[in-house]
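Trainee: Line by line, the protein sequences give chains V and C. The opening residue of the first sequence carries number 1 in full-length UniProt numbering; numbering runs sequentially from there. The opening residue of the second sequence carries number 1 in full-length UniProt numbering; numbering runs sequentially from there.
Any given hint could be a false lead.
Intra- or inter-copy, both count: the list cannot distinguish identical chains.
[As the list claims (entries may be wrong)] Think about it this way: if two alpha-carbon atoms lie no more than 27 Å apart in a straight line, the pair counts; the simulated BS3-like pairs of lysine-lysine are:
no., residue 1, residue 2
1, LYS222, LYS239
2, LYS102, LYS239
3, LYS222, LYS118
4, LYS102, LYS118
5, LYS237, LYS102
6, LYS239, LYS118
7, LYS163, LYS239
8, LYS237, LYS222
9, LYS163, LYS102
Hints in this document: simulated from the structure, not taken from any laboratory.
Number of protein chains: 2
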Amino acid sequence: MRRTAALLLIGNEILSGRTRDDNIQYLATRLGELGIPLHEIRVIPDIRETIVANVTDLRARFDEVFTTGGIGPTHDDITAPCVAEAFGVAWEFHPATYDMLKEQFGADFNPARQRMAKLPRGATPIPNPVSRAPGFSIGNVHVMAGVPRIMRAMFEELAPTLKQGAPVFSRTWHTLNLFEGTIADGLEAIQNTYPQLDLGSYPFHREDGRRGVALVAKGQDKEAVEQAAHAIYTLLKEKGGAPLEGEPPP
Amino acid sequence: MRRTAALLLIGNEILSGRTRDDNIQYLATRLGELGIPLHEIRVIPDIRETIVANVTDLRARFDEVFTTGGIGPTHDDITAPCVAEAFGVAWEFHPATYDMLKEQFGADFNPARQRMAKLPRGATPIPNPVSRAPGFSIGNVHVMAGVPRIMRAMFEELAPTLKQGAPVFSRTWHTLNLFEGTIADGLEAIQNTYPQLDLGSYPFHREDGRRGVALVAKGQDKEAVEQAAHAIYTLLKEKGGAPLEGEPPP
Numbered sequence: 001m002r003r004t005a006a007l008l009l010i011g012n013e014i015l016s017g018r019t020r021d022d023n024i025q026y027l028a029t030r031l032g033e034l035g036i037p038l039h040e041i042r043v044i045p046d047i048r049e050t051i052v053a054n055v056t057d058l059r060a061r062f063d064e065v066f067t068t069g070g071i072g073p074t075h076d077d078i079t080a081p082c083v084a085e086a087f088g089v090a091w092e093f094h095p096a097t098y099d100m101l102k103e104q105f106g107a108d109f110n111p112a113r114q115r116m117a118k119l120p121r122g123a124t125p126i127p128n129p130v131s132r133a134p135g136f137s138i139g140n141v142h143v144m145a146g147v148p149r150i151m152r153a154m155f156e157e158l159a160p161t162l163k164q165g166a167p168v169f170s171r172t173w174h175t176l177n178l179f180e181g182t183i184a185d186g187l188e189a190i191q192n193t194y195p196q197l198d199l200g201s202y203p204f205h206r207e208d209g210r211r212g213v214a215l216v217a218k219g220q221d222k223e224a225v226e227q228a229a230h231a232i233y234t235l236l237k238e239k240g241g242a243p244l245e246g247e248p249p250p
Numbered sequence: 001m002r003r004t005a006a007l008l009l010i011g012n013e014i015l016s017g018r019t020r021d022d023n024i025q026y027l028a029t030r031l032g033e034l035g036i037p038l039h040e041i042r043v044i045p046d047i048r049e050t051i052v053a054n055v056t057d058l059r060a061r062f063d064e065v066f067t068t069g070g071i072g073p074t075h076d077d078i079t080a081p082c083v084a085e086a087f088g089v090a091w092e093f094h095p096a097t098y099d100m101l102k103e104q105f106g107a108d109f110n111p112a113r114q115r116m117a118k119l120p121r122g123a124t125p126i127p128n129p130v131s132r133a134p135g136f137s138i139g140n141v142h143v144m145a146g147v148p149r150i151m152r153a154m155f156e157e158l159a160p161t162l163k164q165g166a167p168v169f170s171r172t173w174h175t176l177n178l179f180e181g182t183i184a185d186g187l188e189a190i191q192n193t194y195p196q197l198d199l200g201s202y203p204f205h206r207e208d209g210r211r212g213v214a215l216v217a218k219g220q221d222k223e224a225v226e227q228a229a230h231a232i233y234t235l236l237k238e239k240g241g242a243p244l245e246g247e248p249p250p
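The following block holds chain V by itself, in its conformation from the complex:
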């Protein structure tokens, strides 16, 4: 069974270049392992109309939607009310979350922190073992923190509850000093033999002068992946390459 996921990163820090994204690769890898591969990623600013429109669009087109960012206590943390708006439900105090955060913060449980106890009506909290204030799931939308350490902890709380799809298998060869233009025709012939697979060609071109190409065969049909990987190995040898299994060195 094919299942699909989209990822929506909410906030200005990646768009401005202030921080380098540290969430995409983790989630892409984990979702592939769970058989819910990522089909689209978007990074958007924390503008109400933009968030609502993107949540509405993505949740209609993909089986699962994951968001990161915008669930803290400051004025620019508007993801939760926007998701509530996208679902047409109230954004209101979640009693169990309110009680938990009240106990945690004591006299410091001020109005800003109380905002973190508000969820869209009908949402299920995603536990946060790092700093307590939860994420949440509503329908097929899963709202997580943007801080990588917290996002990962939330995702691993959420993962066992997700409906998994068929796992994706892949095999990769790389070779130095052999270029895409030399193997393109042979690779296309292999792709045509195995239309149920995705064959990818990824050139690398390092600052130190090392150049070459990585070739990936990927799909849910494990036997076809093995056969295509063998055909790729044979092609690379024929063209004078010295294929090595796995990713090229960094």
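Using the hints provided, position chain C relative to the given structure of chain V.
Mentor: Positioned in the frame of chain V, the structure of chain C alone reads:
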């Protein structure tokens, strides 16, 4: 003058988690410097309908659209014909590019490599000082390679030709052991005083236990950025922080 940019990353390697993106932060930073800040990023697979739909959508909504990936010689390199389709023009040999690549490759100028000499009709090549095969601009869409070293070289060829907007100024303070919930109200008051700025609050939570927050004041009104930065410094001191200028340590 406000100008806006969108970035479209085309290809499966980031969606699958195979590679970590190495282009977003570079382009986000450079576009901010040029006064054409990024407002949206999308990562999409190399599927024809998906590429055409995204190019069509983004070029209508943003002043400039930059794409990376999918312009090599292999079967999965379909960005150029898709951009041609989005513009409703032919994808055809560009004579000067054909002659240049023919001279470069000599007897190895096979049909796969000849594809790299095809551009949408009316496109202007973006020179590629690293490996020759060019990117191109058509209308407000700028098509570049995905390999980071080549993308950067192409972007720097393109940059002097772009219409720049007003530069964005920013100042950042960070402090350890002071949390968003403590300063949220004060920060919102500063945001309300300077509605023309974007004030951002970015908590950090490191594996080694260091925690704190980075506060950013950003906008095109330099005087207001300075005043807001002073107000943020004062707020952090009041709340018991030890503010330091600049980003938190990694």
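Trainee: Work down the list of hints and note, for each, if the structure agrees.
Mentor: Outcome of the hint check:
For a Cα distance limit of 27 Å, the shortest separation of LYS222 from LYS239 inside one copy, 26 Å, qualifies, whereas the shortest one across copies, 58 Å, does not. Taking the shortest Cα distances, LYS102 and LYS239 sit within 27 Å of each other only across copies (21 Å), while inside one copy they are farther apart (67 Å). For the identical chains of this complex, LYS222 and LYS118 are neighbours neither inside a copy (45 Å) nor across copies (36 Å), given an alpha-carbon limit of 27 Å. Taking the shortest alpha-carbon separations for LYS102 and LYS118, only the intra-copy value of 13 Å comes in at or below 27 Å, while the best inter-copy value is 63 Å.
In this homomeric assembly, LYS237 and LYS102 come within 27 Å of each other (Cα to Cα) only across copies, at 26 Å, whereas the closest approach inside a single copy is 65 Å. For the homomeric pair LYS239 and LYS118, the shortest alpha-carbon distance between copies (25 Å) is at most 27 Å, but the shortest distance inside one copy (61 Å) is not. In this homomeric assembly, LYS163 and LYS239 never come within 27 Å of each other (Cα to Cα): the closest approach is 43 Å inside a single copy and 45 Å across copies. With identical chains, the CA atoms of LYS237 and LYS222 are at most 27 Å apart within one copy only, with a shortest distance of 23 Å there and 60 Å across copies.
Proximity of LYS163 and LYS102 under a CA criterion of 27 Å is satisfied in neither setting, with 33 Å inside one chain copy and 52 Å between copies.
In this structure, the earlier hints numbered 3, 7, 9 are contradicted, and the remaining ones agree with it.
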